[in-house]
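A.B. asks: Given chain A, put chain B with the ligand in place with the hints provided.
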Amino acid sequence: MTPAEIRQEIIDILTDIAPDEDLSNLEDDKPFREQIDLDSMDFLDIVMELRKRHRIQIPEEDYGELASMASTVKYLEPKMANL
Amino acid sequence: MHYDTIIIGAGMSGLAAGIRLAHFDRRVCILEKHWTIGGLNSFYRMHGRDFDVGLHAVTNYTPKGAKHGPLSRLLRQLRIRWEELELAPQAGSVIAFPDVRLRFSNDIELLRSEIEREFPDQGDNFQRLLDELADYDDLDASNFNGSARQFLSNIIDEPLLVEMLLCPLMWYGNAREHDMDVGQFFIMFRSIFLEGFARPLKGVRLILKLLVRRYRALGGELRLRSGVRRILVDGRRAVGVELEDGQQLFADRILSSAGMVETLKLCDDLAEEQPAVAGQMSFIESISVLDCLPREIGLPETIVFYNDSESFHWQRPVDSLCDTRTGVLCSPNNYLYPEESGTLPEGIVRLTTIADFDRWANLPEAEYVRQKMWWYDRAIASAVRFVPDFRGHVVATDVFTPKTIRRFTSHVNGAVYGAPDKQLDGTTHLENLFLCGTDQGFVGIVGAIVSGISMANMHCLRQA
Ligand SMILES: Cc1cc2nc3c(=O)[nH]c(=O)nc-3n(C[C@H](O)[C@H](O)[C@H](O)COP(=O)(O)OP(=O)(O)OC[C@H]3O[C@@H](n4cnc5c(N)ncnc54)[C@H](O)[C@@H]3O)c2cc1C
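Line by line, the protein sequences give chains A and B. Start counting the first sequence at 0; every next residue gets the next number (numbering that gives the first Met the number 0). Start counting the second sequence at 0; every next residue gets the next number (numbering that gives the first Met the number 0).
Derived by calculation from the structure, the hints in this document are not laboratory data. There may be inaccurate statements among the hints.
As the list claims (entries may be wrong) - 20 Å max Cα-Cα, derived DMTMM-like pairs, lysine to aspartate or glutamate:
| hint | chain 1 | residue 1 | chain 2 | residue 2 |
| --- | --- | --- | --- | --- |
| 1 | A | 73 | A | 26 |
| 2 | A | 73 | A | 48 |
| 3 | B | 63 | A | 41 |
| 4 | B | 63 | A | 26 |
| 5 | B | 66 | A | 15 |
| 6 | B | 402 | A | 33 |
| 7 | B | 402 | B | 322 |
| 8 | B | 63 | A | 21 |
| 9 | A | 51 | A | 64 |
| 10 | B | 66 | A | 19 |
| 11 | B | 63 | A | 8 |
| 12 | A | 78 | A | 59 |
| 13 | B | 63 | A | 20 |
| 14 | B | 66 | A | 64 |
| 15 | B | 66 | A | 60 |
| 16 | B | 66 | A | 59 |
| 17 | A | 51 | B | 24 |
| 18 | B | 201 | A | 36 |
| 19 | B | 63 | A | 19 |
| 20 | B | 402 | B | 345 |
| 21 | B | 66 | A | 33 |
| 22 | B | 63 | B | 82 |
| 23 | A | 51 | B | 83 |
| 24 | B | 208 | B | 83 |
| 25 | A | 73 | A | 28 |
| 26 | B | 264 | B | 233 |
| 27 | B | 201 | B | 345 |
| 28 | B | 66 | A | 21 |
| 29 | B | 63 | A | 48 |
If we strip away everything but chain A, and leave its shape as in the complex, we get (with noise of 0.2 Å):
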């Protein structure tokens, strides 16, 4: 997958954990936390959901990572490059 696909496949993710949410001006480089609300619940979704669709395994030290679109875009890349 692309960056851009990545980053399609983030959005598609969040739309399904927050239906309604508008994530239309969701800007990169801001924490997700500042522009949609989501609480650790709903992180634990966004590492189950790429696990689920991509079999993409997220260790919990790891999730930090995963705190803007930019971030976790950059954490994706490399796991997902051959998808």
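C.D. replies: The following block gives chain B with the ligand in isolation, referenced to the frame of chain A:
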């Protein structure tokens, strides 16, 4: 057959946990003893009419788009759209004590203005209470214990107001007699006064059907009439269950919504009675079908919480089948259903009264039927001191008792809110047996669903 997780009970919490696990492709099986789903909050049809067992109000109501609170959390976690629950907000409710009535709605400002009117010097104290509540995190278990009466009395120095505030909160979610845990008080205060009441026109069956359909669509397995007789234990672990018909099923872990005492009783390794204490608070509930709408006879309120003296007694009846000094009267007609959805076919008044399980359970059959009728009359006679007398309009009735509750939930004592001591982290003496639902800590429909979700997350999804 080997599962990732076996869930005991197809009530609100078991179904919610099941959806989470099935969504993430776990092999999951829900085992339900009853022939139908819903547990405490099921539904039935009688003489051509649809009835709900429990539902007065869905608490924790927040409008579409709200980002905080248990309702939005559960919608997200279960991938349910807000519209799918078809929640119509309440018209308005009241706490009625002798000579004082406090109205409240889904807007806290109404309660505030009522308090300022009836208790002019308590306005600032009420604000202090709200400030304290704003800081409370209900997923943090560390400051849950402690006396709510004490806590409230430190802030509000008008005893009658303390009693009036506690009345609805205890009624809708306190397993403990006399007093309430501070944490439970915060949770209930928020769910009732800061968020509020709502109801789908079609009642609880809409919620249950939504949950079970979702669960099945995700590939989850549900077995009805499949009571668990034993939990099979090997050392520190549960390895599976044995059903009432002798069949054995195996799983990596078990999540039980049967209750703390009830679950421990199923465990192979615990031959003796456990010290865990079962709850005592049980109810009779009557349903009266009217020949008119409640509001046409001067009953526009959604829910009336009444108490006939200045002190609110929240305890098992000491010397009789029921204690009618306090009660909750609900009219499902009095919700603001959207015009296009229609209305309920008939006027309905539901009335809940405190009852004693043992006395009801020990009645011989004929006497049981007679007492049901007698206490129906007594309960209503008590209620009509606080609402217009609707007795002349009643065309049909049904009553259920602590025995009925026991049959639907298998809770010891028919305890509606389960055991007084909650197990907030859901753990048990076995490393892979967990509790969800009533005895984990969150009660009510929304509470039970959130409990199922969070226990599935914590114990089944985060691991493995
Ligand atoms: C009269 C009344 C009115 C209520 N009104 C409201 C209301 O207006 N609003 C609100 O939010 N809440 C209300 N409640 C409370 C609400 O119904 C409960 O808090 C909630 O439904 C609890 O769900 P649960 O999943 O924790 O437990 P339960 O509903 O008790 O589910 C447990 C399930 O486990 C099954 N089970 C038990 N043992 C076994 C076994 N050995 N094997 C297999 N299955 C087993 C039971 O049959 C049951 O289906 C009311 C309750 C009552 C009784």
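A.B. asks: Indicate, hint by hint, whether the structure satisfies it.
C.D. replies: Structure-based check of all given hints:
no.: 1; hint: 73(A) to 26(A); verdict: holds, 15 Å
no.: 2; hint: 73(A) to 48(A); verdict: holds, 18 Å
no.: 3; hint: 63(B) to 41(A); verdict: holds, 18 Å
no.: 4; hint: 63(B) to 26(A); verdict: violated, 24 Å
no.: 5; hint: 66(B) to 15(A); verdict: holds, 15 Å
no.: 6; hint: 402(B) to 33(A); verdict: violated, 51 Å
no.: 7; hint: 402(B) to 322(B); verdict: holds, 16 Å
no.: 8; hint: 63(B) to 21(A); verdict: holds, 13 Å
no.: 9; hint: 51(A) to 64(A); verdict: holds, 19 Å
no.: 10; hint: 66(B) to 19(A); verdict: holds, 9 Å
no.: 11; hint: 63(B) to 8(A); verdict: violated, 26 Å
no.: 12; hint: 78(A) to 59(A); verdict: holds, 16 Å
no.: 13; hint: 63(B) to 20(A); verdict: holds, 11 Å
no.: 14; hint: 66(B) to 64(A); verdict: violated, 24 Å
no.: 15; hint: 66(B) to 60(A); verdict: violated, 27 Å
no.: 16; hint: 66(B) to 59(A); verdict: violated, 25 Å
no.: 17; hint: 51(A) to 24(B); verdict: holds, 7 Å
no.: 18; hint: 201(B) to 36(A); verdict: violated, 31 Å
no.: 19; hint: 63(B) to 19(A); verdict: holds, 8 Å
no.: 20; hint: 402(B) to 345(B); verdict: violated, 27 Å
no.: 21; hint: 66(B) to 33(A); verdict: holds, 13 Å
no.: 22; hint: 63(B) to 82(B); verdict: holds, 8 Å
no.: 23; hint: 51(A) to 83(B); verdict: violated, 25 Å
no.: 24; hint: 208(B) to 83(B); verdict: holds, 11 Å
no.: 25; hint: 73(A) to 28(A); verdict: holds, 11 Å
no.: 26; hint: 264(B) to 233(B); verdict: holds, 16 Å
no.: 27; hint: 201(B) to 345(B); verdict: holds, 13 Å
no.: 28; hint: 66(B) to 21(A); verdict: holds, 12 Å
no.: 29; hint: 63(B) to 48(A); verdict: violated, 24 Å
Comparing the model with each numbered hint stated earlier shows that hints 4, 6, 11, 14, 15, 16, 18, 20, 23 and 29 do not hold.
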